[in-house]
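In the order they appear, the protein sequences are chains E and S. Numbering-wise, the working numbering comes out as the position in the first sequence, counting from 1, plus 122. Numbering-wise, the working numbering comes out as the position in the second sequence, counting from 1, plus 122.
Everything labelled a hint here was simulated from the structure, so no lab data went into it. Each hint can be trusted.
Only pairs whose alpha carbons sit at most 20 Å apart, straight line, appear in this in silico SDA-like list of lysine to any residue:
#  : chain 1 : residue 1 : chain 2 : residue 2
1  : S       : K357      : E       : P288
2  : S       : K196      : E       : P403
3  : E       : K357      : S       : C292
4  : S       : K196      : E       : R405
5  : S       : K357      : E       : H295
6  : E       : K196      : S       : L407
7  : E       : K357      : S       : R289
8  : E       : K357      : S       : G287
9  : S       : K196      : E       : S402
10 : E       : K357      : S       : P288
11 : E       : K135      : E       : G416
12 : S       : K196      : E       : L407
13 : E       : K357      : S       : H295
14 : S       : K196      : E       : D406
15 : S       : K196      : E       : R401
16 : S       : K357      : E       : C292
17 : S       : K357      : E       : G287
18 : S       : K357      : E       : T286
19 : E       : K196      : S       : R401
20 : E       : K196      : S       : P403
21 : E       : K357      : S       : G293
22 : E       : K196      : S       : R405
23 : E       : K357      : S       : T286
24 : S       : K357      : E       : R289
25 : E       : K196      : S       : D406
Number of protein chains: 2
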Amino acid sequence: MLNAIGVDVGGTKIAAGVVTPEGEVLKEVRHPTAHTPERVLEGIAGAIEEVRDGFEVGGVSLGVPGTVLSAENKVIFSPNLHAIEGIPLKDELGKRTGLHVTVENDASAAAWGEFRFGAGSDVGHLIFITLGTGVGGGVITNGALLRGAQGAGGELGHVTIQATGPRCGCGNHGCLEALASGTAIQRRAREVASERPDSALGELAAERKVLGEDVTELARRGDEAAISVLEEAGKWLGVGLAGFVNVFNPEVIAVGGGVSEAGDLILSPARREVHLRSRSPGRDLVRIKEATLGPASGILGAAALARHPSGEYVFG
Amino acid sequence: MLNAIGVDVGGTKIAAGVVTPEGEVLKEVRHPTAHTPERVLEGIAGAIEEVRDGFEVGGVSLGVPGTVLSAENKVIFSPNLHAIEGIPLKDELGKRTGLHVTVENDASAAAWGEFRFGAGSDVGHLIFITLGTGVGGGVITNGALLRGAQGAGGELGHVTIQATGPRCGCGNHGCLEALASGTAIQRRAREVASERPDSALGELAAERKVLGEDVTELARRGDEAAISVLEEAGKWLGVGLAGFVNVFNPEVIAVGGGVSEAGDLILSPARREVHLRSRSPGRDLVRIKEATLGPASGILGAAALARHPSGEYVFG
Numbered sequence: 123m124l125n126a127i128g129v130d131v132g133g134t135k136i137a138a139g140v141v142t143p144e145g146e147v148l149k150e151v152r153h154p155t156a157h158t159p160e161r162v163l164e165g166i167a168g169a170i171e172e173v174r175d176g177f178e179v180g181g182v183s184l185g186v187p188g189t190v191l192s193a194e195n196k197v198i199f200s201p202n203l204h205a206i207e208g209i210p211l212k213d214e215l216g217k218r219t220g221l222h223v224t225v226e227n228d229a230s231a232a233a234w235g236e237f238r239f240g241a242g243s244d245v246g247h248l249i250f251i252t253l254g255t256g257v258g259g260g261v262i263t264n265g266a267l268l269r270g271a272q273g274a275g276g277e278l279g280h281v282t283i284q285a286t287g288p289r290c291g292c293g294n295h296g297c298l299e300a301l302a303s304g305t306a307i308q309r310r311a312r313e314v315a316s317e318r319p320d321s322a323l324g325e326l327a328a329e330r331k332v333l334g335e336d337v338t339e340l341a342r343r344g345d346e347a348a349i350s351v352l353e354e355a356g357k358w359l360g361v362g363l364a365g366f367v368n369v370f371n372p373e374v375i376a377v378g379g380g381v382s383e384a385g386d387l388i389l390s391p392a393r394r395e396v397h398l399r400s401r402s403p404g405r406d407l408v409r410i411k412e413a414t415l416g417p418a419s420g421i422l423g424a425a426a427l428a429r430h431p432s433g434e435y436v437f438g
Numbered sequence: 123m124l125n126a127i128g129v130d131v132g133g134t135k136i137a138a139g140v141v142t143p144e145g146e147v148l149k150e151v152r153h154p155t156a157h158t159p160e161r162v163l164e165g166i167a168g169a170i171e172e173v174r175d176g177f178e179v180g181g182v183s184l185g186v187p188g189t190v191l192s193a194e195n196k197v198i199f200s201p202n203l204h205a206i207e208g209i210p211l212k213d214e215l216g217k218r219t220g221l222h223v224t225v226e227n228d229a230s231a232a233a234w235g236e237f238r239f240g241a242g243s244d245v246g247h248l249i250f251i252t253l254g255t256g257v258g259g260g261v262i263t264n265g266a267l268l269r270g271a272q273g274a275g276g277e278l279g280h281v282t283i284q285a286t287g288p289r290c291g292c293g294n295h296g297c298l299e300a301l302a303s304g305t306a307i308q309r310r311a312r313e314v315a316s317e318r319p320d321s322a323l324g325e326l327a328a329e330r331k332v333l334g335e336d337v338t339e340l341a342r343r344g345d346e347a348a349i350s351v352l353e354e355a356g357k358w359l360g361v362g363l364a365g366f367v368n369v370f371n372p373e374v375i376a377v378g379g380g381v382s383e384a385g386d387l388i389l390s391p392a393r394r395e396v397h398l399r400s401r402s403p404g405r406d407l408v409r410i411k412e413a414t415l416g417p418a419s420g421i422l423g424a425a426a427l428a429r430h431p432s433g434e435y436v437f438g
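If we strip away everything but chain E, and leave its shape as in the complex, we get:
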């Protein structure tokens, strides 16, 4: 089997890697992302050319942050990289590189990476959820990536779990993202800090802006205020995951993204909430655990979704 190139297109950097069918990254490059359409294309094409050198490559897939129309291999909405919206990526990059290029949502690609090579490599039914600034996700059901009619499916961060809850970046109220993302944790940390000024969290907030990492760090050191912020986010995460357990009956839910570095500080309350809110036998089967590939899931998953011009995956 041939190798494939996976490109993780982010709002701040582009990472491209040559990946073997076994999930080994043979070569990887990383560059800052430019923000005009032409320079985005140049940057992606350049990264592809740079890594392919000397390797036999069957195809390329991009994981992009935003809403992808699968049939057209186009990004129609990308809040952190507007320059990529509407570009005919497949054709333009195909012309520049001579390779067959397809386009995927970045969280769906990362889900596929965890399914092929990571936390879900031993199962057929996987939910992947990434908790960062926003909340993204991907669903593998019966060994297939759930895309939906247009490729816009799998938006697990944008299900309503508290209809009267806080406004989400997407315009809706009470999305999972509005309650369990890094952004939501930061917002709650500010509120809790002002309610509990004598806590370590409160003292830090008096000095400087509190980041998500700070909350995790303070919680690890035992600060009750910081612990309560993560517990609350973990509970909300569990409310969302419980619904996914009932709807998808997955074997594994893998949680990735920056917030997942809090580990059991956020996953334990999530597991308790899932147990309370979801049904047997799904709730007894599912294992909720940290994703294992880290930032590499983007490149690995995109590569594993690369296709031959026939439509077959390069990795079979």
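Given chain E's structure and the hints, the job is docking chain S onto it.
What follows is chain S alone, placed relative to chain E:
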């Protein structure tokens, strides 16, 4: 292609039909449901024998109300038909009829019926939701029925849409079922009736117990109190459906069950809420409409899920 038998096993009646691959019901029987394990088996086997007479049949599938373990063809939880729990249906009915028998969740079977022969017959991505005493559902994504790892997936009524909401029959709080089922409508109708005793709804409630059908009937006649009850349920329905649009990116959402007889009185507020809460391009694509097969969806869907011993669907 051979015919198949679909059996719709309900808490009050069992309906069995011989169905052609084109979705024509050649013969149908209907009997009350017995409530001991042996008599449930007798009832189902008897109905199968009664309809098969004279027809070439490739296989049988049962749609049962409850949680099905697909691999074992067993029902592990059925709140309205406990007698069926744990019975080795495939083996026992196979022995009695000589036919190959498989077991499906009733709402999943009905979803498959709408997909093959009804509201979703022209699409590949369908959500079916049935609003009755409870809320059931089924998901077809990329032409396949979503079952999950154990066959317990597709429980669309049991996603949390208002975490602090009313208690659901499943033990959770704020499930879609707890807010948009016929039971929820009846409960809200009682509350609204006591707040607005001069409304037609209030007057009826003073006389006798108000049923779901009454609310629809009064709303059709223009009673504002009854209309508001359906609008509220429709909004909650829309909150849930909006999440399904973002997660599944379906082409059609077909709404069935007794409550759906309220038509646009419940679907119009649901559509408005979906438009507010879900994202492009999925929200622009999806059509939310009434299911078209009515009660026949159970038999038709189960028949279309009947298999040969090889595992292939009888209807291909």
